[in-house]
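Novice: Next come the chains, spelled out residue by residue.
There are 2 protein chains.
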Amino acid sequence: MPIAPASRRNRASSSSVYSLVSFHVFTDTERDTLYRVIDARRDMRHFLPDNKVDEVVLQRLLQAAHSAPSVGLMQPWRFIRVCNSDLRMSIAAIVDEERVLTSRALGERDAEFMRLKVEGLRECAELLAVVLAPDDGTVFGRRTMPEEMALCSATCAIQNLWLAARAENLGMGWVSLFDPARLAKLLNCPQGAKPIALLCLGPVAEFYPRPMLEQLNWRQGKPLTVMEDGWSA
Amino acid sequence: MPIAPASRRNRASSSSVYSLVSFHVFTDTERDTLYRVIDARRDMRHFLPDNKVDEVVLQRLLQAAHSAPSVGLMQPWRFIRVCNSDLRMSIAAIVDEERVLTSRALGERDAEFMRLKVEGLRECAELLAVVLAPDDGTVFGRRTMPEEMALCSATCAIQNLWLAARAENLGMGWVSLFDPARLAKLLNCPQGAKPIALLCLGPVAEFYPRPMLEQLNWRQGKPLTVMEDGWSA
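Respectively, the protein sequence lines represent chains A and E. For the first sequence, our numbering begins at 1118 and goes up steadily by one. For the second sequence, our numbering begins at 1118 and goes up steadily by one.
Since the hints were derived computationally from the structure, they do not count as laboratory data. Each residue gets a CB set at the ideal place from its N, CA and C atoms; glycine is no exception. Check each hint, because a few of them may be wrong.
Here are some chain E residues pointing at chain A (derived, C-beta under 7 Å) [as the list claims (entries may be wrong)]: (1) Ser-1202; (2) Cys-1269; (3) Asp-1296; (4) Glu-1345.
Build the full structure now, drawing on both the sequences and the hints.
Specialist: Here it is in structure tokens:
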């Protein structure tokens, strides 16, 4: 189904000839909606306990993730839904241990770090682990950066899921505070598979108006840097 | 600005009390718009030559990228806009070389690969290089996976840009066919900085109805895999 170029945008919505086309041409209002989703997305650590994510919604989110681009169409992402509450608690324990190790590695900000809520594993409605599949040997687009490009592909899927969750008015947090080898063992992953994310997902009381780390004065984001024709200091 | 939970969604749009809130609560229609953008996004290699991306649009796209999450708020992405046409041609030459090396590495599918259009560097309206900044020592969220989590953060920015481009009815392609060290040198990157993407951006005649690699029978995508409580074969 070929689509009309952007210059035909206005005709697309008014002419029935373009009815199939208009699905693929976004209006200014629709574009602004996407920007609002991008702006409002947050890395959430506070969730409403005792909640659920509707099965239909969860499937929509996962399909959105699966619609991500991937290098050479390798689709290296695998999703493990954590349903068993004992397993969830074992995963949370691994994260707790890493939280302590991180605080020690931070040095003088250790106490400040330990006061932050850095994950919502026990309260969130759904917990998903994202695992990089064992390398399938794809060469296309990743001969020079094989591990990086598989990881980038899986990350595109996670970012799709994140934005989709926000548009469903659900919070999501990406927890990376874990030893990947230990988590892989707990999840019974085969040799070569590597967990990269624990995604906490579910209803929230509110979304942080700014990134939580900014709100709590852990760190402030910097302005966008765009350089021209080469790196400049 | 706290927002109302999702259960108040319907009230949010009808009551002026919630006027500040409604900005942050997405309707079903808005949610569907996001899913349409996600579905319609493609990795483009065919661009309309002799075109431009409006400066205001380009800034919106880059700001959308910069609104991405990052581990420990490290924001490791840097964007280099390629304006000089000689520089663009030098970059294209590096990609051409890698294309040949990839074809050799592919073995029996080399001729088939060489018939594919795998990048649009010379035709696209704008060319952006995305570079991972030298490691700033952030420990938060990346003690166990430092390189991976910086890369994941930069990738979230790229995926935001990709979706934003699609919502602007512009095509984008992520080219990873290059030797990162050679590209880093060409872009005058400092020690420790690593190019991860060449983003071709601009108007297109049409968007592929399916991923180009599927259309041309290079490879077919597989259905979504969701496992429960652990890896299953």
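Novice: Hold the hint about Cys-1269 of chain E up to the distance rule: shortest CB distance to chain A must be less than 7 Å.
Specialist: OK, holds: Cys-1269 of chain E within 7 Å of chain A, min 5 Å.
Novice: For the hint on Asp-1296 of chain E, just tell me whether its beta-carbon gets within less than 7 Å of chain A.
Specialist: Result: holds, 5 Å to nearest chain A Cβ.
Novice: Please verify that hint: Glu-1345 of chain E, Cβ, nearest Cβ of chain A, below 7 Å or not.
Specialist: 5 Å, holds
Novice: With 7 Å as the cut and Cβ atoms as the points, is Ser-1202 of chain E at the interface with chain A?
Specialist: This hint is violated: Ser-1202 of chain E lies away from chain A, its Cβ roughly 10 Å from the closest one there, beyond 7 Å.
In this structure, the one hint that does not hold is number 1.
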